[in-house]
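Following the hints, position chain W against chain X.
Heads up: the protein sequence lines correspond to chains X and W, in order.
First residue of the first sequence? That's 1 in my numbering, and the numbers climb one at a time after it.
First residue of the second sequence? That's 333 in my numbering, and the numbers climb one at a time after it.
Simulated from the structure, these hints should not be mistaken for laboratory data.
Where is the CB? At the ideal position from N, CA and C, for every residue including glycine.
Mixed in with the good hints there might be a few duds.
Straight-line alpha carbon distances no greater than 20 Å define the calculated EDC-like cross-link-like pairs of lysine to aspartate or glutamate that follow [as the list claims (entries may be wrong)]: (1) W:K370 / X:E41; (2) W:K377 / X:D40; (3) X:K324 / X:D51; (4) W:K377 / X:E41; (5) W:K377 / X:D51; (6) W:K370 / X:D29.
Stretches of chain W that chain X covers, calculated by requiring three or more beta carbons in the stretch to come under 8 Å of a beta carbon on chain X [said to hold, decoys possible]: (7) 363 to 375; (8) 378 to 392; (9) 435 to 445.
Listed below, chain by chain, are the residues.
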Amino acid sequence: MTAPRDASARRAARMLRWYPAAWRGRYGDEFAELLIAEFDEQPRSWRRAVDVVRGGLLARLTCAGLTGHPLEPAEQIRAGLATAACGLATCLALGIAMWAQLTIGWAWAPPGTSGPTVAMVAMSASVLLLAALALLAALPLAWAVARSALRRDGWCVRRPALLAAAGLVTLAVGSRHFANGWPGTGSHSWAQPGLVPAGVAAFGWAATLSVSAYWAHPAALAAFPVAEITWMAVSPAALIAAVAGVAALVRRIDLPARTLRYEAWLASGAAGTMIIFLAGACWWLLAGASGPGLFHPGAIDAASVAVMMLALWMARRATSQARKSALSSRLL
Amino acid sequence: MAGPKRETSAPDAGSLGGFGRYAGPATLILSSLADGAKHGYALTKDVEAFAGVRLAPGTLYEALSRLEGQGLIEALESQDRRRPYRLTAAGAAALRAHLSDQRRVADVGLRRLAEGWGTP
Numbered sequence: 001m002t003a004p005r006d007a008s009a010r011r012a013a014r015m016l017r018w019y020p021a022a023w024r025g026r027y028g029d030e031f032a033e034l035l036i037a038e039f040d041e042q043p044r045s046w047r048r049a050v051d052v053v054r055g056g057l058l059a060r061l062t063c064a065g066l067t068g069h070p071l072e073p074a075e076q077i078r079a080g081l082a083t084a085a086c087g088l089a090t091c092l093a094l095g096i097a098m099w100a101q102l103t104i105g106w107a108w109a110p111p112g113t114s115g116p117t118v119a120m121v122a123m124s125a126s127v128l129l130l131a132a133l134a135l136l137a138a139l140p141l142a143w144a145v146a147r148s149a150l151r152r153d154g155w156c157v158r159r160p161a162l163l164a165a166a167g168l169v170t171l172a173v174g175s176r177h178f179a180n181g182w183p184g185t186g187s188h189s190w191a192q193p194g195l196v197p198a199g200v201a202a203f204g205w206a207a208t209l210s211v212s213a214y215w216a217h218p219a220a221l222a223a224f225p226v227a228e229i230t231w232m233a234v235s236p237a238a239l240i241a242a243v244a245g246v247a248a249l250v251r252r253i254d255l256p257a258r259t260l261r262y263e264a265w266l267a268s269g270a271a272g273t274m275i276i277f278l279a280g281a282c283w284w285l286l287a288g289a290s291g292p293g294l295f296h297p298g299a300i301d302a303a304s305v306a307v308m309m310l311a312l313w314m315a316r317r318a319t320s321q322a323r324k325s326a327l328s329s330r331l332l
Numbered sequence: 333m334a335g336p337k338r339e340t341s342a343p344d345a346g347s348l349g350g351f352g353r354y355a356g357p358a359t360l361i362l363s364s365l366a367d368g369a370k371h372g373y374a375l376t377k378d379v380e381a382f383a384g385v386r387l388a389p390g391t392l393y394e395a396l397s398r399l400e401g402q403g404l405i406e407a408l409e410s411q412d413r414r415r416p417y418r419l420t421a422a423g424a425a426a427l428r429a430h431l432s433d434q435r436r437v438a439d440v441g442l443r444r445l446a447e448g449w450g451t452p
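Excised from the complex, chain X in its bound form:
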């Protein structure tokens, strides 16, 4: 290989990184050859660079089941469910952080205006329903994972299963540990009966401790105990590991059509429930609040709602494409 061609090949390989691995596996070689020929003819072109970046991002969206084309139907459903799981998990993590703040606020003193009251009732009902839907979705998946992992060729399932299990166990054990030191009312005599049990609120607060405005105030953050700061860094990593593991399992396990239909239905239900949760959160943001400081929405709550809306849009689109694909292929 000549030096200029070698340099062009390296440049083409760099541009190919915009595309997902599956796409590169199918089209990578021929696409690189085309790029090398284009480089020979026109060494620099910002239009070409933009086109490749746009094409790569579009291929990634397609791989995530968000464009509905041109994946094979069963793959489209699995990709859609995995993307929906990621979107809903993002929503839930940010939502639980907000909800835990309000539940703690309620335990200190009930809200003085209708805004937080309505928001809390809607959000709490949504969280309860989401927990039930998550449990219903996890059961058949766990059963399929166990069956696949026990097979001799189950290595491709064992790794994501271990990743998901490690993430979930770390999150559960760490949250339980830090929940014991939550800044709630504990057994203080002046504690008000909250809308949800204090232990649940404490667990939610500890699990989402990393969703905090303190990241923008390093001086204040430095005053925190080291263990707490460590947990603020470890807990999101554990959550990401758990979600990535579950998403990989959904994509790798060959679930029967009936289970795919069931999971797609549950994902639609979860996305609908999350809309109610978001409506409650928006109500709280817009209505303002009186009472203790925890009822006052801050910039981080507005930012969380914006991210949740984006993640929910992604989850709903992925679910909708999965259901559409299943209908067109008579899987549903």
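Only chain W this time, still in chain X's reference frame:
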């Protein structure tokens, strides 16, 4: 003047109706492959020669993957990392239908131009 009215309907899998913004590149690619198999770079050069349009690499491969996914083209064995594509029977039918539709529109436009504006 009342003419035959064509009902619009959801595009079927074997047509170019569902390609949206990729209908243009798809038409150019199918037209290029109509006279034989070509790989990516040869396709780009051929389209540039007959249509005056340079298909950028990302756009070309997005259209190629969609066409392949719908069975309108098929990939052949690769030659030195370059993989040629050829038109399928379904692709030929879809191209013929699409170009006939375009010709009908072009004929009407040209006739009305001639009636209203005269011939150049």
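Hints and how they fare:
1. Pair hint K370 (chain W) plus E41 (chain X) holds up; C-alpha atoms about 19 Å apart against a cutoff of 20 Å.
2. Between K377 (chain W) and D40 (chain X) the alpha-carbon distance is near 14 Å, which keeps this suggested pair within the 20 Å criterion.
3. A threshold of 20 Å between alpha carbons decides the hint, and for K324 (chain X) with D51 (chain X) the separation of about 29 Å lies outside it, so the pair is violated.
4. Restraint check for K377 (chain W) and E41 (chain X): the C-alpha separation of about 11 Å stays at or below 20 Å, so the hint holds.
5. Pair hint K377 (chain W) plus D51 (chain X) holds up; C-alpha atoms about 17 Å apart against a cutoff of 20 Å.
6. About 16 Å separates the Cα atoms of K370 (chain W) and D29 (chain X), which keeps this hinted pair within 20 Å; it holds.
7. Given as covered by chain X, the segment 363 to 375 of chain W passes the check, having 3 residues with a CB less than 8 Å from a CB of that chain where 3 are the minimum.
8. With 5 residues carrying a beta carbon less than 8 Å from a beta carbon of chain X, the segment 378 to 392 of chain W meets the three-residue requirement, and the given coverage holds.
9. A count of 0 residues in the segment 435 to 445 of chain W with a Cβ less than 8 Å from any Cβ of chain X is obtained; the coverage claim is therefore unmet, three being the minimum.
Hints 3, 9 from the list above are not met by this structure, while the remaining hints are.
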